[in-house]
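Listed below are the residues making up each chain.
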Amino acid sequence: MSVVDYTEQRRVRLGAVALAATLVALAVVGTQTDIALERLFTLGFLTRSLEMATPIALAAIGGLYAEKSGVFNIGLEGFMIFGAFTAAASMYAIGGTASTQVHVWSAIGISVLITGAMTAIFAVLVIRFKADQIVAGLAVWFIGLGFAPFTASIIWGSQSSPGLSSVGSLPFGQSPLVVLTVVIVVAAWYVLYRTRYGYWVQAAGENPEALDTAGVNVNRVRYATVIFSGVMAGLGGAVLLAHEGNFVGTGDTMVEGRGWIAIVAYLFGNYNPIGAAAAALLFGGLDMLNVQFQTVGIEVSARLVNLLPYIAVIVVLSAWGKTRMPSSVGESYESED
Amino acid sequence: MLDATVLERIGIAVGSTVSALLIGLVIVAISGYNPVEFASQLLVGSFGSERAVARTLRYSVLFVLAGVAVAIAFRAGVFNIGVQGQFIVGGFATVVSIITLAPYLPNGTGGGVALMLIGTVAAIAAGGLYAALPGVLKAYGGANEIITTIMLNFIAIGFVGWLVAGRFGDPQATATRTEHMPENVGFPSVIFDDPNLSIVGIVLTLVVVALIAAVMTRTSFGYDMVTSGTQEAAATYSGVDAKRMIVSTMTLSGMVAGLAGAIFAIMIQGYFTDPSGIGNYGFDAIAVSLLAANNPIGVIPAGLLFGGLESAGSHIQISTDVPVQLIDGIVGLVVLFVAVPELFRMIAKRTGLGGDGE
Chain A
10 MSVVDYTEQR RVRLGAVALA ATLVALAVVG TQTDIALERL FTLGFLTRSL
60 EMATPIALAA IGGLYAEKSG VFNIGLEGFM IFGAFTAAAS MYAIGGTAST
110 QVHVWSAIGI SVLITGAMTA IFAVLVIRFK ADQIVAGLAV WFIGLGFAPF
160 TASIIWGSQS SPGLSSVGSL PFGQSPLVVL TVVIVVAAWY VLYRTRYGYW
210 VQAAGENPEA LDTAGVNVNR VRYATVIFSG VMAGLGGAVL LAHEGNFVGT
260 GDTMVEGRGW IAIVAYLFGN YNPIGAAAAA LLFGGLDMLN VQFQTVGIEV
310 SARLVNLLPY IAVIVVLSAW GKTRMPSSVG ESYESED
Chain B
39 MLDATVLERI GIAVGSTVSA LLIGLVIVAI SGYNPVEFAS QLLVGSFGSE
89 RAVARTLRYS VLFVLAGVAV AIAFRAGVFN IGVQGQFIVG GFATVVSIIT
139 LAPYLPNGTG GGVALMLIGT VAAIAAGGLY AALPGVLKAY GGANEIITTI
189 MLNFIAIGFV GWLVAGRFGD PQATATRTEH MPENVGFPSV IFDDPNLSIV
239 GIVLTLVVVA LIAAVMTRTS FGYDMVTSGT QEAAATYSGV DAKRMIVSTM
289 TLSGMVAGLA GAIFAIMIQG YFTDPSGIGN YGFDAIAVSL LAANNPIGVI
339 PAGLLFGGLE SAGSHIQIST DVPVQLIDGI VGLVVLFVAV PELFRMIAKR
389 TGLGGDGE
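Same order as they appear, the protein sequences are chains A and B. Those letters in the first sequence? Residues 10 to 346, by the working numbering. Those letters in the second sequence? Residues 39 to 396, by the working numbering.
Simulated from the structure, these hints should not be mistaken for laboratory data. Every residue gets a Cβ at the ideal spot worked out from N, C-alpha and C, and that includes glycine. Warning: the hint list may mix true and false statements.
Short derived list, chain A residues pointing at chain B, Cβ under 7 angstroms [as the list claims (entries may be wrong)]: (1) Val144; (2) Ala148; (3) Ile152; (4) Val305; (5) Gly306; (6) Val309; (7) Ser310; (8) Asn315; (9) Leu317; (10) Ile323.
Now the stretches of chain A that chain B is said to cover, found in silico as 3 or more residues with beta-carbon under 8 angstroms [said to hold, decoys possible]: (11) 107-116; (12) 238-252; (13) 269-276.
Could you build all of it, start to finish, from the sequences and the hints given here?
Right under this line is the structure:
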């Protein structure tokens, strides 16, 4: 396939996906009301969609790095739960329920460190001990779903935390975490496609033997990307918490499937960090439609509108499921020497 | 795990469970509770009294059926993470079909049996169809079934929840639930006093296990299925249509998951509640199946273990103040350990236990 064909095809795919999503949204609005659409798509809607998209985008960036290097980190959802919970717990520990901005940012930092350490264990199991990546990833999710509410119950006597502090906003009403995410997305794109390290990451997933021959330790690259993926998912969870202001541990926890959507976001963005972030924004927007409907006074069941992102994921995957995975994903690599 | 011997698999299963429980006890101790008391409550709550045993068996029935559903797909090399959704859709189909048809059938036992048959068939059909969808999407659209089935779980929970809260809700009830199914719908409780456990449910479960085991080992369909899972190229070479195999195994898997939902609705609940709060049977079933190395017969002891854990969980919730979510975390640890047979092989080799290890 030539480069031109490739970009053509991708543009068609992206167009089709955006169109499908818009149609779904419009169909819901159109059948339910006759309210003018301009009242629905406001600046506030964009701001909230961006905020909603940040956790998904961050986890997606991490997941795509891991998968590019040959490890499918299906535990993103679990790492996001750890991230959100540890951020809440550390914020409560250092600042109580009336934390300052310094506390909020420190909590995010602590949470990232703890999640990173947990991911290191996961990485050792998956790379050194050749754990089944799918099963181990599911385990991370289950462990998160169990231990986060468990520890929350011990700390707060309830599966959810009391109201903590949320992150402040920049002069234009934008969250600084959104800006941070944009920087990370661009940096991730630059490293992956414009630096030597990025080529190593890609080679570790496509042709580990060649990378090994070139004298680069394949597993060391994979350790780095897997730990990076957990750190990003943890950051995503912490960002989610910093936007919402309290930890919710009931049901599927406050992460509510965003880790899974993150996986779809990078598949959807064809393993390109910028594409993944764009997909995350689409899902964030769908998520926020709910609030928007309520503000405008459209009577749609919140439960149904909440399903839109999940439905969109299925539509997207089936309309365009054959993303080309890196050829060595899921295989553990053992150096000959 | 498929390259492990039977003994090795049992060793891995026991090792995983014991390690997970030990870590659980350490966590109990760190959290400031008494681990010895917790361990004894775990035993008392699962097998300590007739009531506890009945409760364990009640949950085990669900875990075994849901575990078999997972095992069918895994054996064929397809990941059905959507058993939870198929279970919900199946159970809901049972309740709705029974409540809708009840006025047209006689009140006595005959009518009740007919209603239960209809309800069960509805559940099997609904579960099968709900699982066929991701099967078709994978086979013909290339959509990754792990992701689609997980999304379909969220959709089932949300959509059935919306129906239970709205169209099918019982306006008299304070909680979100449907109306009760009529009096004549329910399995008789013969041996056990427990109103939510019936010998019918247990026998039905064992029959399904035997049936699935027979299909897998004694029929050409089962042979093709397992071959597609273990040696895809060989299966294609011998004329197996890989795409149709994906759809049919997913459908069969969903049918069993739907049946589990029917038993949940008829034997245990008698109505249908908001599915966001009915318990993670379909998710834990993944652990059950993995623990049993995806063998339908092995699912029975694994299902009993999880039934015991769940039963102990409800006991612990009442009799101690250890948060019950700990049990979910322990289940996660079991899954994690099952994923890493290499770890146990290494330990076995280092300690000289378990023979040659390789």
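*May I ask which of the numbered hints given earlier this structure violates, with the numbers listed in increasing order?*
Of the numbered hints given earlier, those the structure breaks are 4, 5, 6, 9, 11 and 12, listed in rising order.
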